[in-house]
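Peer 1: Going down the list, the sequences are from chains A and B.
The first sequence maps to residues 1 to 107 in this note's numbering.
The second sequence maps to residues 1 to 114 in this note's numbering.
Hints are computed from structural coordinates only; laboratory data are not their basis.
Any given hint could be a false lead.
No more than 16 Å apart at the CA atoms, straight line, and that leaves these computed lysine to aspartate or glutamate pairs for EDC-like [unchecked claim]:
1) Lys42(A) <-> Asp1(A)
2) Lys103(A) <-> Asp85(A)
3) Lys92(A) <-> Asp17(A)
4) Lys103(A) <-> Glu81(A)
5) Lys65(B) <-> Asp1(A)
6) Lys43(B) <-> Asp85(A)
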Amino acid sequence: DIQMTQSPSSLPASLGDRVTITCRASQDIGNYLRWFQQKPGKSPRLMIYGATNLAAGVPSRFSGSRSGSDYSLTISSLESEDMADYYCLQSKESPNTFGAGTKLELK
Amino acid sequence: EVQLVESGGGLVQPGSPLKLSCAASGFTFSSNWLNWIRQAPGKGLEWVASINPDGSSTYYPDTVKGRFVVSKDNAKNTGYLQMNNLRSEDTAMYYCARTGYGYWGQGVMVTVSS
Chain A
1 DIQMTQSPSS LPASLGDRVT ITCRASQDIG NYLRWFQQKP GKSPRLMIYG ATNLAAGVPS
61 RFSGSRSGSD YSLTISSLES EDMADYYCLQ SKESPNTFGA GTKLELK
Chain B
1 EVQLVESGGG LVQPGSPLKL SCAASGFTFS SNWLNWIRQA PGKGLEWVAS INPDGSSTYY
61 PDTVKGRFVV SKDNAKNTGY LQMNNLRSED TAMYYCARTG YGYWGQGVMV TVSS
């Protein structure tokens with residue numbers, strides 16, 4: 001199975017900060033990588049698909065990138081509404097596998 | 001408007017079966033994959049099952065393979081997750097999501113406890 005190693009698990013940050021969350025794939029997944037945002041008590045929301053493509057309605061301060069087997073989600077200038085849990089997901093192979101998640105919180 | 005609505009959750013005893021439903025509307029259900037994802041209380045997301053558009057192929061992780069069965073009735077625009085021999089570790093919020101994971105339901109809680 002493909003393992004997705006997500007870091008950090010917790011990320012304290014201040015409003016206006018540039019923050020980056022990373023997932024490393026244990027095998028080649030090409031660009032079959034998605035990022036989700038989840039707020040307490042809510043369903044996950046798709047933010048990025050195809051590693052770098054912004055999903056509909058997602059603010060442009062969010063971006064996705066890839067460097068080899070490392071995939072990153074970056075928020076260019078943190079806003080209060082961005083405080084949430086974030087997960088990556090690989091869908092290159094079955095079983096699809098999620099990263100363990102990153103809790104983004106105010107410093 | 002795309003909608004996915006799960007139902008069928010509840011409290012069951014270990015070893016019991018339970019069948020979840022996912023009612024879809026606002027898109028062509030027969031052309032879409034259906035995925036099930038769960039989240040144990042306070043934990044991360046875990047992919048549970050996927051089924052292709054015509055229902056001919058299904059996929060599961062080892063944690064549920066042989067116990068869970070995913071299906072879809074394209075005539076009724078509804079997907080199902082039949083869960084058998086439930087264990088305490090299956091306690092979670094269960095979500096359905098369509099192709100691409102761009103749309104999710106609100107989730108339904110399953111609690112397995114004696």
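Peer 1: Give a verdict on every hint.
Peer 2: Hints, one by one, checked against the model:
no.: 1; hint: Lys42(A) <-> Asp1(A); verdict: violated (28 Å)
no.: 2; hint: Lys103(A) <-> Asp85(A); verdict: holds (4 Å)
no.: 3; hint: Lys92(A) <-> Asp17(A); verdict: violated (32 Å)
no.: 4; hint: Lys103(A) <-> Glu81(A); verdict: holds (13 Å)
no.: 5; hint: Lys65(B) <-> Asp1(A); verdict: holds (14 Å)
no.: 6; hint: Lys43(B) <-> Asp85(A); verdict: holds (11 Å)
Against the hints set out earlier in the document, violations occur for numbers 1 and 3.
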